[in-house]
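For what it's worth, this note's numbering labels the leading residue of the sequence shown as 1, then goes sequentially.
Treat the hints as calculated values from the structure; they're not laboratory data. Ideal placement from N, C-alpha and C gives every residue a C-beta, glycine not left out. Check before you lean on any hint, since a few could be wrong.
Listed next, with one range per pair, are the computed distances between beta-carbon atoms [said to hold, decoys possible]: (1) V61 with T222: 29 to 39 angstroms; (2) Q75 with A196: 36 to 46 angstroms; (3) G180 with A139: 16 to 26 angstroms; (4) T222 with A174: 26 to 36 angstroms; (5) P187 with T232: 36 to 46 angstroms.
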Amino acid sequence: MPPLSTIEFDVDARGVARLTLARAEAHNAMNGVMYDEAREAVRRCDTDPGIRVLVLSGQGVTFCSGGDLKYQRAQAARPQSERLAEASKLAFWLRELDTLSKPAIGRINGPAYAGGLGLIAVCDIAIGVDTAQFAITEARLGLLPGMISPYVVRRIGVPAARRLFLTGRRISGAEAAQIGLLTEAVPAGDLDEAVAREIDMILQCAPGALAANKRLIEYVSTHTSADNMIYTVDRVAEMWGWEEAAEGMQSFIEKRKPRWQSASS
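Build out the structure end to end from the sequences listed, making use of the hints.
In structure tokens form, the structure reads like this:
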């Protein structure tokens, strides 16, 4: 990857990738450069067979304060075609995170506002600090939480979304867990241990099966019961021929750990 200015990205020997928003001086506010750099990092996660899981976090005391207001104000003077191109960057990044073939864990190290909640909403698992604050603040600034709205509404449901979108109300990490935005809220000192537990469980699973499970969840949550019957029967019949399935069942019979091969999407 080329030199990075708004994120940090590294991969350890186990295949754990870490994408860290790295604009601590701006509370990790997102701008066009960050979208470009982060999308390239997610692309690598999706295509590199050695990467097993992605951990998304923020530098400093804030996870993400949303879209950079200076960046957003600068868009007003640009032609509509250029505005569309810039707005699309966040839309694509969210979709690429949401459909990533590897599990994505949010290590939510501090407060998140506006677009930051969109990033949380596309993580498969989101562990956050219980005392951190979270809010959808766009309406208070005369703005619209456009690109994040499908993911946040899906995550927390319409009633909770209406309250947050229409009031700008701030909630704690504990309440964010109650409404489903966070998977779990923990004390700040326990955050890394909680994330590590999730990573360890993921690394015990078959890479190809994880990718297939993510596709399964997406399909069955967006199709009819009739479509789902056909799809799931087809997938299970296909699954019985997988090398991973053979290895997984054989390792269970032999009472040993399975020997998974790294798998790309």
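Review point. Quick check: which numbered hints come out false for this structure?
Key: Failing hints: none at all.
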